[in-house]
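Q: With the hints as extra help, turn the sequences into a complete structure.
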Amino acid sequence: MNLFPSLTERYTREQLSAREAQRLAEFIAWAPVVFQVSRLMVKFGILDLLRDNADGLTVDQIAQHTKLSVYAVKILTDASLSAGTILVDAETDRFTLSKTGWFLLTDPATRVNIDFNHDVNYRGLFHLEESLVNKRPEGLKTLGTWPTIYEGLAQLPEQVQKSWFGFDHFYSDHSFDEALPVVFASKPKRLMDVGGNTGRFALRCVEYDPQVEVTIVDLPGQIDMMRRNVANKPGADRISSFATNLLEPSNSLPSGEWDAIWMSQFLDCFAEKEIESILRRAAQVMSAHTHLYIMETFWDRQRFEPATLCLTMTSVYFSTMANGNSKMYHSDDLIRLISRAGLEVESIHDGLGQGHTILDVTLKHI
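Following full-length UniProt numbering, the numbering of the sequence shown begins with 1 at its first residue and continues without gaps.
Calculated directly from the structure, the hints in this document are not laboratory data. Keep in mind that a hint or two might mislead.
As the list claims (entries may be wrong) - With a cut-off of at most 16 Å between alpha-carbon atoms, the simulated EDC-like pairs for lysine to aspartate or glutamate come out as follows:
no. : residue 1 : residue 2
1   : LYS43     : GLU130
2   : LYS99     : ASP60
3   : LYS233    : GLU207
4   : LYS189    : ASP173
5   : LYS189    : ASP168
6   : LYS364    : GLU344
7   : LYS273    : GLU248
8   : LYS43     : GLU20
9   : LYS74     : ASP52
10  : LYS187    : ASP259
11  : LYS189    : GLU257
12  : LYS67     : ASP89
What the hints assert, rightly or not - Just the calculated beta-carbon pair ranges, DEER-fashion:
no. : residue 1 : residue 2 : range
13  : ALA31     : ASP173    : 22 to 30 Å
14  : SER287    : GLY84     : 54 to 62 Å
15  : THR312    : VAL133    : 14 to 22 Å
16  : MET313    : ALA21     : 16 to 24 Å
17  : MET313    : GLN159    : 38 to 46 Å
18  : PRO157    : ALA21     : 33 to 41 Å
19  : PHE126    : ASP237    : 30 to 38 Å
20  : ARG19     : ALA231    : 56 to 64 Å
21  : LYS141    : ALA31     : 18 to 26 Å
22  : PRO306    : GLN159    : 45 to 53 Å
23  : TYR11     : LYS273    : 21 to 29 Å
24  : SER69     : PHE35     : 21 to 29 Å
25  : ARG10     : ALA231    : 41 to 49 Å
26  : GLU130    : ASP224    : 28 to 36 Å
Just so it is clear, CB atoms sit at the ideal spot from N, CA and C, and this is done for glycine as well.
A: Here you go:
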């Protein structure tokens, strides 16, 4: 298994003493409680208060500021001491923010992940076992009755939808600035954006290049959301759409003279067999000069291990909530599927945005 250096040390050798390992095992056993307590320490503003008061605050002071009962504050602070998000001065009984608490409070990725897991995943994860056995997203029934979450995105409750798109956009949008020069190095005039969601990348494309025309391919419900989102924005007249469901093998991608095809955080929404089918259909509409740019967050190609942690846990969301059969892939797996579809990787661009990689793919040279 190929791993970036940041992962090799941690994933191939034991890191903990026996006592540390025992504590981590207990931490895992109580992880749902740790999560909810930590979420409320943020929501109730307690971590904010501790950040803003370097000398610390007592239980009574926290209760006064937050309007919570002393009992509620004690429940949260006791648990947070064990979770490691706060510290206490044993002489003054004043609580202060720990390094972990500071990251919990201020790290944008952590805040996005908390909202995503609480609003989208938390109740559904109770059905992970069923999902793995049945190969279906059994947890999705906690949100609606769709076959996959993608058909239901436009119908999700407002807060759930906000957290889902907040998660999706955070990890994709932060890579766009670095991705655009890669995509436009070959000066494409016609670009197909497959799985274009709300059209955010398409808008960036028409802003970046005043000549390019973009066609967004997505589900009908997503196309409707995209049209509302891009309406009256600069360059919207150069953004068109093609509604289809690529889970149906008989549904083709739009034909035409495509200079570039863009798939960002798209193929990870499908099982390997489905990915190969989609890539074969992409190959059918590609010419010798077409570049297929696949941007993904591969768990094996991360500079920092916490990013890999986020990605491997996101795979569990796919199993339980999204579709029951996809995941965040190891790059070797996707490259193998690319080859089987009659394509080849010309170049690899690592380290974009929040740990993204772009595979620059063309038809196989015969």
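Q: Taking the hints in turn, state whether each one holds.
A: We went through each hint and held it up to the structure:
Of the supplied pair hints, the one linking LYS43 and GLU130 is violated, its CA atoms being roughly 32 Å apart against a limit of 16 Å. A hinted pair counts as satisfied when its Cα atoms are at most 16 Å apart, and LYS99 with ASP60 does not qualify at roughly 23 Å. For the hint pairing LYS233 with GLU207, the CA-to-CA distance comes to about 10 Å; that is within 16 Å, so the pair holds. At roughly 22 Å between alpha-carbon atoms, LYS189 and ASP173 are farther apart than 16 Å, so this suggested pair is violated.
Using a Cα cut-off of 16 Å, the hinted pair LYS189 and ASP168 is violated, with the two alpha carbons roughly 27 Å apart. A hinted pair counts as satisfied when its Cα atoms are at most 16 Å apart, and LYS364 with GLU344 qualifies at roughly 5 Å. Proximity of LYS273 to GLU248 is assessed by CA-CA distance (about 12 Å); at most 16 Å being required, the pair is judged to hold. For the suggested pair LYS43 and GLU20, the alpha carbons sit about 30 Å apart, so the restraint of at most 16 Å is broken.
Restraint check: the Cα-Cα separation between LYS74 and ASP52 comes to about 20 Å, which exceeds 16 Å; the hinted pair is violated. Proximity of LYS187 to ASP259 is assessed by CA-CA distance (about 8 Å); at most 16 Å being required, the pair is judged to hold. A hinted pair counts as satisfied when its Cα atoms are at most 16 Å apart, and LYS189 with GLU257 qualifies at roughly 9 Å. With a CA separation close to 23 Å, the supplied pair LYS67 and ASP89 exceeds the 16 Å bound.
For the hinted restraint 22 to 30 Å between ALA31 and ASP173, the CB-CB distance of approximately 29 Å keeps it satisfied. Restraint check, SER287 to GLY84: a C-beta distance of roughly 56 Å satisfies the suggested window 54 to 62 Å. Range check, THR312 to VAL133: about 20 Å between beta-carbon atoms, so the 14 to 22 Å window is met. About 20 Å separates the C-beta atoms of MET313 and ALA21, a value consistent with the hinted range of 16 to 24 Å.
Between MET313 and GLN159 the C-beta distance comes to about 21 Å, which lies outside the given range of 38 to 46 Å. Distance hint check: the CB atoms of PRO157 and ALA21 are about 40 Å apart, consistent with the given range 33 to 41 Å. At roughly 47 Å, the beta carbons of PHE126 and ASP237 sit outside the given window of 30 to 38 Å. Our hint of 56 to 64 Å for ARG19 and ALA231 holds, since their Cβ atoms are close to 59 Å apart.
At about 23 Å, the CB distance of LYS141 to ALA31 agrees with the hint of 18 to 26 Å. Separated by about 26 Å at the C-beta atoms, PRO306 and GLN159 break the suggested range of 45 to 53 Å. For TYR11 and LYS273, the Cβ-Cβ distance of about 27 Å falls inside the hinted range of 21 to 29 Å, so the restraint holds. Restraint check, SER69 to PHE35: a C-beta distance of roughly 22 Å satisfies the suggested window 21 to 29 Å.
For ARG10 and ALA231, the hinted distance range of 41 to 49 Å is satisfied, since their beta carbons lie about 47 Å from each other. Under the hint 28 to 36 Å, the C-beta atoms of GLU130 and ASP224, about 32 Å apart, fit the expected range.
Of the hints listed earlier, those the structure fails to meet are numbers 1, 2, 4, 5, 8, 9, 12, 17, 19, 22, in rising order.
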